[in-house]
Amino acid sequence: MRRSIATAILGAAIGLLATTAPVGADQSERAEEVLATFEGATINLAEGWGEAGACTSDGTAARCYRTEADMNAAEGESLDPSGPATFATCSASLRLYRGTSYSGGVLQLTTRYTLINLASHGFNNDTSSYRVGPCAATFYDTTTGSGVYPGSTAANVSKATMSSGWDNRIGSVYIA
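Numbering follows the working numbering, with no gaps: position 75 of the sequence shown is 75.
To be clear, the hints were calculated from the coordinates, so they are not data collected in a lab. The structure presented is a predicted model; accordingly, all values stated were derived computationally and were not measured. The beta carbon of each residue, even a glycine, is placed where N, CA and C say it ideally should be. Any given hint might turn out to be false.
[Claimed, not checked] Simulated restraints on C-beta separations:
1. Val148 with Gly104: 21 to 27 Å
2. Ala154 with Gly40: 34 to 40 Å
3. Asp70 with Glu47: 20 to 26 Å
4. Ala160 with Asp70: 29 to 35 Å
5. Ala73 with Glu33: 34 to 40 Å
Working from the sequences, and respecting the hints, build out all of it.
See the structure below:
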């Protein structure tokens, strides 16, 4: 009796492993949906941002705005170094930009201690510059956290361009 239960459990486990993706496989096609509010509507960031130019996500809710200035005003953030609360907390921990020199669309992420798949935010392979707040970050080449970005992503680092060969190549991030 014990042997048949153990055999059944082993068979079920093997069947489950056969239907899951291998460890390290790029699972961007199965990215979790991130729904965001934008001007009274809901958009799925993985399917595109539409007219939104700046989005922020705290892992629970996501909100989008037409511009980074609109996002800063609504979210109470400032990128002005002379401002009183510039990245004072990790609530504004990381900003990724589509263009060099902090231009184009911007994605602000504040979720710490979890790997964030950028495909679910519509930002896979789309980073050309970045600003890191007081919580260091790690950037990865894939959506599943492999291939570490060689440039500095330490606390309070800003880079107007990516390290050579890494423009539009970041697939996931981790904020410490």
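- Starting from the hint list further up, note which numbers the structure goes against and sort them upward. Numbers 4 and 5, in rising order.
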